[in-house]
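**Q** If you want the building blocks of each chain, they are given just below.
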Amino acid sequence: MTATLTGVDVAPPVTSVKRRRRAPGWLAVVPLLVFTAIAFGVPAVAMLDGAFSVKDPATGTSSYSAENLTTSLHGAYLTALLGSVKLSAVSAGIGTVLGLPLAQVVVTSRFRALRDAVLTASGVLANFGGIPLAFAFVATLGNAGVLTRHLGLSKAGWDLYSFWGLVIVYLYFLIPLMVLTITPALEGLRAQWREAAQNNGATTVQYWLHVALPVLLPSLLGGFVLLFGSAFAAYATAAAMVGSSVPLVTLQIADAISGNVLVGQENVALALSLDMVLVAGLVMAVYLPLQRRSARWLA
Amino acid sequence: MARLNPWRWVVLGLAALYFLVPLASSVIFTVDVPGQGVTFDAYTQIVSADGFVSSLLLSLELALATIAIVLLLMVPAMVALRLGAPRLRPVVEVVCQLPLVVPPIAFVAGISTVLKWGPDYLSRTPLFETFVAIQNPSFPFVLILAYVVMALPFAHRALDAGLRAIDVRTLVEAARSCGASWPQALLRTVLPNLRGALLNAAFLTLALVLGEFTVAQLLGFQPFAVWIYSVGGSQAQLSVAVSVLSLLVTWALLLALAGVGGRTRTASSRG
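Keeping their order, the protein sequence lines are chains A and B. If you're matching positions, the first sequence starts at 8 in the working numbering and goes up one per residue. If you're matching positions, the second sequence starts at 14 in the working numbering and goes up one per residue.
Certain hints may be false.
Unchecked claim - Each pair of labels, with its calculated beta carbon distance range: (1) A/G159 x B/E106: 48 to 58 Å; (2) B/Q248 x A/R119: 16 to 26 Å; (3) B/D133 x A/E194: 54 to 64 Å; (4) A/L216 x B/I147: 49 to 59 Å; (5) A/L224 x B/W20: 21 to 31 Å.
As the list claims (entries may be wrong) - Interface residues of chain A toward chain B, partial, derived using beta-carbon atoms under 7 Å: (6) P50; (7) L88; (8) F144.
Calculated from the structure, these hints are not laboratory results. Ideal placement from N, C-alpha and C gives every residue a C-beta, glycine not left out.
Just need the whole structure built from these sequences, with the hints factored in.
**A** Laid out in C-alpha cells, this is it:
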C-alpha cells in the first residue's frame, strides 16, 4: 500500500497537488459536522437538559436536580425499564442460542446456494421490524389469526399480546441478526482444530465444549449484546401489538411524548430516555471490545 | 464430519417453518376472510383506500430528500478524509456511529423537546418561522433531519467499505495529472468507482425511511408506516394486505441491494 503510494507520489507535481488538497480536506467534512451538531446535538442536549431540570409548579422557575432520574427509577417507570431489560435479555438469549446452530448448519453446508440464500435472507430479515412485522404476526397468531383459529390456540391459553408473544415476534429479526453476526466467527473455526481434537480422542461434544465454544465465546457474547440492544430499542412492533399491556420503557416514553400522562412528567420521559441511552451505551461499550477480541481469530 | 445427518435437516426445517409460516399466514389471512370465503378484496381496496396514495408519496419524497442529503453530506466528507484529512477520520467515525447509541424513541423525545421551544421561547424571533416551516405537514422537513441522522451509521459503513476497495488518492492524482479539474476528478473518476457503495447507502436509507414509524408517529406526521398502523385498527384485512405488499417491496429492494453490492451486513434493525 505505502509502496504504491510513494511510487505514484513521485510522478505528478507533488507540491501543487498537496497545496490544493489541503483546503478541501477539512472543509468537506465541515457540513457533515455542522449538520450532526444541529440535527443530533441539539436534541441530545435538550434531552440532557430536560432530564436534569425540574420545574417548580408554584413559582414556575426551573432548577437542575437529579429528581427526574430518581423518579424514572421508581414505581411504574422502574417496572417498565425492568420489563424492557427482561424482554430484551430473554429474547436476545434465545436468539443467541437458536442463531448459533442455524449459522453452524449453514456455514458447514456443502451447498453454496443454500448458504448464500440463508445469508441473504438473514440480511433482509434482520432489517425487518416495525409495523409490517407486528401485523404479520397478528394475522398469524393474534386473536383472529390463521394459526390461532385453525389450531384452536385460544383455548389452550395462547395470547400473542403478552411477554412471550413479544419474544416470539422479536426473534423473527433477532435470529437472523445473530446468524449474520456469528457467521464470520464460525468461518474462522479451522477444520484442523477439529481434526486435532479428534486425533487426540475427543468426542464431538468435547470438541465443542473445550475448543469451539471457548473460541466463539467473545463473538457469542458480542452477538448477544447486539441483539439485546436491538430488542431494547424496538418500539414500533410493541406499540402496534400490545399497546400497554406489557410494561416497556419505549411505550412509557411514547405515552409521555404524546401527552398521555400527568402534566409535569414530560421531563421524566427525558430522564427515561437518558436511562435508555446509558443502557445502549453500556451495550456498545461491551460489544466493541468483544468484537475486536473475536477479530483476532479471524485474522 | 457427517454431512447429511438428520441434525442439519431438523435445524433447517424448523427455521424454514418459523420464518415462512407468518408470511404464508398473512397471505391466507388477507384472502380467506371468515364468512366470505376466498376473496381478493383486500388487495383491490388498497389503491382506493383513504390516505394510501398520499402517505406513500410522502414517504417516497422523504426518502428521496433524505438520500440526497445523506449522500451530499457524506460523500465529499468521506472522500476528503481519504485524500487530505486523515486526522479527522476517527472524529467522523465516532460522529457517524453515535446515533446507534441513542434509540429512536430517545432521539424523538429530544426532538419534540426542542420543537416545544418554538412556541415557548421563540415566538417573537425569526427562528419561530423556521420551526413552523420545518413542521409543515405536507412536507415535514424535521423528519428528514431525523432520518439523515438515523441513516448516518449505515451510509458511513457502506461508503467506508466502498472507499476501502479503491485507491482514491491514486485515482484522483491520475485524473489531476491528466488535466482534470477537482470537480471533474471527483464526478468522473471517484464517483463511478463508488457506484456500488452509493447504491448500497441509498437503498439502505430508502428501506429505513419507508419503514420508519417511531419518529413520524410521535411527531404527529403520517407517512406510509404510520398510515398502515392507523388502518390496522378498523380494517384488519386491508392493513395486513398492505403490510404484505410493503414487505415484498422492501425485500425486493434489499435483495436487489444484495445483488448489487454484495451481501448486506447491516447489524441493526428497525423495531
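**Q** All the hints need checking, so say for each whether the structure fits it.
**A** Going through the hints against the structure:
1. A/G159 x B/E106: 48 to 58 Å: About 54 Å separates the Cβ atoms of A/G159 and B/E106, which means 48 to 58 Å holds.
2. B/Q248 x A/R119: 16 to 26 Å: violated (44 Å)
3. B/D133 x A/E194: 54 to 64 Å: About 55 Å separates the Cβ atoms of B/D133 and A/E194, which means 54 to 64 Å holds.
4. A/L216 x B/I147: 49 to 59 Å: Once the Cβ atoms are compared, 58 Å apart, the range 49 to 59 Å for B/I147 and A/L216 holds.
5. A/L224 x B/W20: 21 to 31 Å: Holds, at about 22 Å.
6. P50: Holds - the Cβ of A/P50 comes within 7 Å of chain B, reaching about 3 Å at its closest.
7. L88: violated (13 Å)
8. F144: holds (6 Å)
In summary, the numbered hints that this structure violates are 2, 7.
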